[in-house]
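2 protein chains.
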Amino acid sequence: MDLVWICVIAGLIGAGIVFYFVRYVLRQDQGSKEIREASHAIQEGAMAFIGREYRTLFIVVVAIAIILALLGFVTPALGWRACVAFIFGAACSMGAGYAGMNMAVRSNGRTCAAAQKGLNHGLRVAFRGGAVMGLTVVSIGIVGLAIIYFAWHNLPREQFVTIIPAYGTGASLVALFARVGGGIFTKGADAGSDLVGKVEAGIPEDDPRNAAVIADFVGDNVGDVCGMGADLLESYVETVIATMTLCVVGTLIAPWITNLFPTLSEAAALQAAWWLPMLIMAGGIAASIIGCFLVRVGEKVEMGALLGALRRGTLSATVLTAIFAFLVIYFLHASLGLFWAVFAGLVAGAFMGESTNYFTSYAYKPTLEISEASTAGGGATIVRGFANGMMSTWPPVLLIAIAIIVAFHFGSFYGVALAAVGMLSTLGVTLATDAYGPVADNAGGITTMVGLPPEVRERTDALDSLGNTTAATGKGFAIGAAAMNSLALILSFATAVGIVTISSAGEIIISPALSLLSAPVIVGVILGALMPAIFCSLTMKSVGVTTALIIDEVRRQWREIKGLMEGTARPEYGRCVDICTRAALKQMLAPSIMTIVAPVLVGVILGKYALTGFLIGALATGFIFAVTLNNAGGSWDNAKKWIEAGHLGGKGSDAHKAGVVGDTAGDPMKDTAGPSLNIMLKLMSVISLLLAPVFVIIGGGLI
Amino acid sequence: MDLVWICVIAGLIGAGIVFYFVRYVLRQDQGSKEIREASHAIQEGAMAFIGREYRTLFIVVVAIAIILALLGFVTPALGWRACVAFIFGAACSMGAGYAGMNMAVRSNGRTCAAAQKGLNHGLRVAFRGGAVMGLTVVSIGIVGLAIIYFAWHNLPREQFVTIIPAYGTGASLVALFARVGGGIFTKGADAGSDLVGKVEAGIPEDDPRNAAVIADFVGDNVGDVCGMGADLLESYVETVIATMTLCVVGTLIAPWITNLFPTLSEAAALQAAWWLPMLIMAGGIAASIIGCFLVRVGEKVEMGALLGALRRGTLSATVLTAIFAFLVIYFLHASLGLFWAVFAGLVAGAFMGESTNYFTSYAYKPTLEISEASTAGGGATIVRGFANGMMSTWPPVLLIAIAIIVAFHFGSFYGVALAAVGMLSTLGVTLATDAYGPVADNAGGITTMVGLPPEVRERTDALDSLGNTTAATGKGFAIGAAAMNSLALILSFATAVGIVTISSAGEIIISPALSLLSAPVIVGVILGALMPAIFCSLTMKSVGVTTALIIDEVRRQWREIKGLMEGTARPEYGRCVDICTRAALKQMLAPSIMTIVAPVLVGVILGKYALTGFLIGALATGFIFAVTLNNAGGSWDNAKKWIEAGHLGGKGSDAHKAGVVGDTAGDPMKDTAGPSLNIMLKLMSVISLLLAPVFVIIGGGLI
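Taken in order, these protein sequences are the chains called A and B. Mapping the first sequence onto my numbering, position 213 (from 1) lands on 213, and the numbers just tick up by one. Mapping the second sequence onto my numbering, position 684 (from 1) lands on 684, and the numbers just tick up by one.
Hints should not be assumed to be uniformly reliable.
All copies of an identical chain are treated as equivalent in the list; a pair is satisfied when it fits inside any one copy or across any two copies.
Claimed, not checked - Straight-line Cα separation of at most 35 angstroms, DSBU-like style, residue types lysine-lysine; simulated pairs:
(1) K365 with K586
(2) K198 with K641
(3) K641 with K651
(4) K586 with K198
(5) K641 with K33
(6) K586 with K641
(7) K198 with K365
(8) K651 with K33
(9) K651 with K198
(10) K33 with K117
(11) K117 with K641
It is worth saying that the hints were derived from the structure and are not from the lab.
Construct the complete structure from the given sequences, taking the supplied hints into account.
Take a look at the structure:
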């Protein structure tokens with residue numbers, strides 16, 4: 001039997017649980033008329049955004065699909081199959097994003113209503129609303145991979161490995177739109193709503209008179225649910241793709257494969273090496289489902305207990321996945337050393353999230369120091385927060401470095417890809433805890449907006465505050481996953497493009513032209529290091545542009561709609577959503593085009609060695625940038641929250657004003673530029689891998 | 001005749017001009033009693049700082065010298081000669097820093113007095129005060145190199161090239177102290193003085209009642225004169241050292257040398273290859289002297305004319321140097337292609353400064369956009385400025401990339417080092433225009449402090465404003481020089497550590513273990529990329545700590561010294577200088593130790609291949625960070641100045657407050673963290689080069 005059927009079964013079970021959760025959430029009380037109205041407005045806005053985004057995407061997908069099909073005339077490695085796989089990958093990602101977000105926007109009002117009954121009830125609705133996203137992503141991811149596998153694994157192996165990257169590229173393209181577009185949308189709406197409401201008009205956050213407030217809620221969903229989901233779906237499938245691609249060098253099986261499965265024949269070893277990542281992922285899905293059911297809590301409103309509940313879920317899933325991985329490795333007759341590669345990835349992923357939590361939560365010193373620096377003004381807040389963000393890079397970098405050393409030691413290139421598999425295997429539950437955040441955030445916002453009693457607000461606040469923590473750890477995890485995944489793709493690229501070859505004695509030869517000190521590689525590394533800076537600059541500026549549009553619109557409505565400020569008329573929420581949508585889609589063009597075109601240009605003009613350097617340079621700098629921006633932003637946010645909780649003068653004090661400066665500056669860094677970098681790194685790598693057959697033919701004649 | 005005598009003559013002529021300028025400046029009127037008192041207080045403070053810094057340095061230099069001497073027992077390549085060269089390098093840098101700063105602090109009051117007579121007179125005094133630093137650095141640099149050369153060039157060549165890096169390491173260590181210590185001092189004093197004076201007490205900048213005001217003036221000198229001088233002296237000598245070191249691989253002459261001097265015998269080719277960089281530098285000194293004398297201006301207070309005067313100086317020096325370089329290359333029978341390598345460096349250096357000017361001056365769009373963003377608050381100012389800083393990285397990166405491609409093409413490793421030589425050859429005049437800045441800044445400050453008439457303030461303001469522009473271009477140039485120099489040192493390291501070898505057929509072999517995709521290299525690159533982030537985090541935090549101390553002290557004086565606020569008593573300026581000095585020296589320890597220890601640890605634990613990756617990773621990320629921080633900081637500063645000039649509401653408006661936040665946040669980025677990165681990159685590279693013989697023996701056993 002082909003063991004990939006196990007993956008299909010795991011995916012179907014995941015889908016079953018998704019349906020169970022969906023039914024559970026939809027059966028819940030939708031709450032009062034006001035709650036329903038607010039929730040409905042968010043649903044409408046989110047669907048309007050995603051509708052327009054997907055229409056734009058549709059055009060881009062078709063255009064690229066045509067290019068891929070035409071490239072079939074350049075090299076037989078590409079062509080109609082790559083074209084179909086690409087479209088299929090894009091469709092999977094669009095479907096997962098749509099399903100997850102659709103559920104999230106239906107869970108927010110219900111969480112609100114459930115929180116009226118009790119904390120545990122609220123947590124369960126919010127978590128299951130988020131878990132739909134987590135389990136949908138892994139189920140669609142693995143079933144999609146299985147379909148691609150069953151469709152074409154009987155082709156010659158060297159052809160199979162040139163087709164599957166197209167599937168990842170499709171998912172990557174959608175992720176780019178979701179992360180960058182969603183990121184610009186969410187922060188443009190958020191900053192616009194805050195600046196014109198809280199700061200200018202002096203009305204509370206989430207006040208229904210503010211026309212941008214629904215856009216702000218919508219933003220949480222399109223950015224943090226849909227964007228995050230698409231990001232991690234991409235990492236999930238591309239990791240498996242990279243692992244499979246690495247097994248084949250030219251028309252031969254890579255020597256590390258035959259060495260890692262020493263008791264098997266060549267053909268059996270290749271089969272086992274292709275099964276291995278998918279089976280570990282299947283084990284991870286089972287473990288994630290069990291983890292999801294372990295998330296429950298008592299009735300006392302206490303952060304520790306809530307956090308404990310989520311931790312119990314993720315930790316049990318991690319332990320179970322490790323056990324499953326060991327069993328898979330054992331029964332596939334693989335070298336047991338591979339377990340350490342998987343384990344290194346699992347552990348690195350878990351600790352990376354924790355490190356993010358340490359550097360961004362006001363339970364710890366780094367963020368408290370930023371709060372204190374706020375007493376010396378906005379400048380000091382910025383300096384301290386930025387210094388904290390930069391300092392926070394060392395644990396993730398060390399964790400990745402150790403994982404790479406361990407994985408390389410036990411499994412060479414294949415080991416590195418397996419470490420990425422290990423890191424992503426528990427995605428079902430980690431993404432669930434992550435997507436829970438925006439649901440709880442929205443629920444809290446709706447509670448304020450419709451004016452529910454304080455004890456309900458207290459409960460939704462507790463849920464929301466927990467959501468901030470999980471969002472931080474989730475982001476740390478997503479960055480780490482993107483980095484490991486990107487590295488695995490770069491290694492695949494090198495094998496696909498002929499930089500790695502096999503001698504007649506069966507030994508690996510890496511082309512000496514890839515020496516770190518050759519001109520193309522040095523220049524490639526330097527140019528690659530440039531990319532994250534330009535990309536972040538573009539995305540951060542975009543947020544400012546969108547914010548300015550929103551401010552103008554809210555002011556216009558206050559001016560033109562009579563009775564709005566008195567609460568007798570309702571603002572036109574939809575207009576703000578619409579403005580954000582159009583601005584986000586327009587602004588995301590420049591960074592997106594740059595991401596797609598740059599590796600192609602480097603590959604064609606400077607050649608494949610420079611392109612490898614380019615990808616590594618972008619990875620090294622991009623990882624540092626992403627962690628810095630993410631954690632600086634997170635710690636500014638929480639430093640402000642600490643002051644708002646009544647410390648250092650509390651709300652309205654000078655320290656608070658300085659804290660707000662930090663928070664406002666950090667928002668586009670942590671929610672737009674930082675997370676978008678994940679996609680940039682992966683997309684550049686997977687495009688290079690996909691076009692490897694092209695670069696072999698036309699690359700590098702110009703220097 | 002040994003042509004290095006030409007360099008000695010050039011150095012002596014440079015020294016002669018220095019004496020002429022010193023006499024010229026010292027003969028000028030010292031101005032009124034008040035001016036003399038203020039200037040004297042600055043002199044005292046600067047000397048107090050440098051005295052204490054040099055005492056600390058003395059201990060560190062002796063300690064490292066002993067280690068180097070002891071390493072002679074590990075490898076005969078090091079030992080007493082390296083120890084002596086190291087001490088000599090440190091002494092040269094300390095001497096140059098002392099002389100330059102001593103002159104700068106004597107020129108400020110005299111510039112003030114000269115500006116009372118006229119603009120041209122003020123410009124000449126300030127420029128010649130700064131030119132002393134510029135010409136002292138190049139004269140001491142080249143004569144020091146000549147002394148090292150004459151002392152040991154008759155040793156076996158493989159021994160000679162292991163000794164000279166010690167000279168550069170000595171200069172590098174001093175530069176580290178000067179840049180990091182000086183950087184923390186200057187911004188701690190500046191921010192403290194502003195926050196407690198302008199913001200808290202509401203008194204003007206440079207008000208004599210503010211006890212921190214002299215410390216602020218002192219900071220300009222220790223940071224921007226002494227620090228910048230030491231930084232560029234290091235780049236200057238290390239570039240020549242790298243070029244010389246590259247000529248020898250093991251005990252052989254590198255094949256690129258024999259290819260580049262095809263008509264000469266091996267011995268003659270090596271001799272010519274060693275002469276070449278020194279003779280180009282000698283030509284650059286002559287060109288710089290001519291350039292210095294071309295700086296003059298009419299009497300109309302007009303930025304364009306002032307800037308034109310300085311540009312005329314640097315541009316003529318650039319053209320003359322190119323001509324000299326061509327002649328040197330021609331007469332040494334070198335391949336004429338080398339001219340393009342030198343030229344690429346010259347041009348890259350010049351344009352890099354201009355690009356900095358574009359991104360940081362309020363004459364151009366990027367900075368104006370930051371001013372406009374200030375109307376939306378401090379957060380928007382930060383986001384826009386930071387986005388601008390990141391965007392500003394593309395011209396320098398592209399320039400460096402093109403220079404590398406051209407230089408590699410025409411001269412392989414040697415060509416890259418020659419490009420760095422080209423970039424640094426006009427240092428005499430570029431550093432003069434740069435050191436002019438703090439002199440003019442101080443003069444402007446003294447004008448306010450002692451209350452001179454408005455027409456004098458107008459003239460010193462014009463001089464100061466010009467100084468800001470030259471400071472920006474100077475910083476851009478310093479970063480570019482550091483990057484090229486660091487790259488040359490890394491290439492030298494690779495040849496010295498046996499990564500580059502020569503086959504029996506005389507061909508270059510780069511070890512395949514240096515493949516970009518080997519585990520040690522990838523891990524090295526990632527760890528190297530981490531270094532700039534941690535380094536910047538530490539230095540930026542240090543500024544905050546120092547600022548807090550200064551604020552406490554000024555408050556204390558206002559509380560305890562009776563009549564201070566009424567102007568009947570004088571504050572204790574010296575105490576603030578003292579506090580800054582001690583804080584700066586204490587705070588610089590962590591980043592300094594990290595810079596020295598990290599490459600040693602990587603080399604010993606992970607080995608020489610990982611260390612090469614580490615240095616390249618640090619270079620790529622550090623360059624991006626340095627340019628980003630430098631230009632973001634510069635543009636925030638000027639965006640604020642634009643508002644202060646009466647735009648967007650002018651001083652006191654909300655936009656101005658937001659502009660101040662940007663400026664305060666940017667100060668430690670542009671004047672402490674950014675410039676200190678230059679030294680970090682170079683010091684890590686030169687230490688690796690110096691310890692190459694050690695890494696050959698004990699490196700890399702641990703993974």
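For each hint, the structure was consulted:
1. Taking the shortest Cα distances, K365 and K586 sit within 35 angstroms of each other only across copies (22 angstroms), while inside one copy they are farther apart (40 angstroms).
2. In this assembly of identical chains, the alpha carbons of K198 and K641 lie at most 35 angstroms apart whether taken from the same copy (15 angstroms) or from different copies (29 angstroms).
3. Proximity of K641 to K651 under the C-alpha cut-off of 35 angstroms is found in both arrangements, the shortest distances being 9 angstroms within a copy and 31 angstroms between copies.
4. Taking the shortest Cα distances, K586 and K198 sit within 35 angstroms of each other inside one copy (27 angstroms), while across copies they are farther apart (43 angstroms).
5. Proximity of K641 and K33 under a CA criterion of 35 angstroms is satisfied intra-copy only: 31 angstroms inside one chain copy versus 54 angstroms between copies.
6. Both within a single protomer and between protomers do K586 and K641 lie at most 35 angstroms apart by alpha-carbon distance, with minima of 33 angstroms and 33 angstroms respectively.
7. Within a single copy, K198 and K365 get their C-alpha atoms as close as 29 angstroms, and across copies as close as 30 angstroms, so both meet the 35 angstroms cut-off.
8. In the homo-oligomer, the alpha carbons of K651 and K33 lie at most 35 angstroms apart inside one protomer (32 angstroms), although the nearest pairing across protomers, at 50 angstroms, exceeds that limit.
9. In this assembly of identical chains, K651 and K198 lie within 35 angstroms of each other by CA distance both inside one copy and across copies; the values are 12 angstroms within and 25 angstroms between.
10. Proximity of K33 to K117 under the C-alpha cut-off of 35 angstroms is restricted to the intra-copy arrangement: shortest distance 17 angstroms within a copy versus 80 angstroms between copies.
11. Proximity of K117 to K641 under the C-alpha cut-off of 35 angstroms is restricted to the intra-copy arrangement: shortest distance 27 angstroms within a copy versus 57 angstroms between copies.
Going down the numbered hints, you'll see the structure goes against none, and every one checks out.
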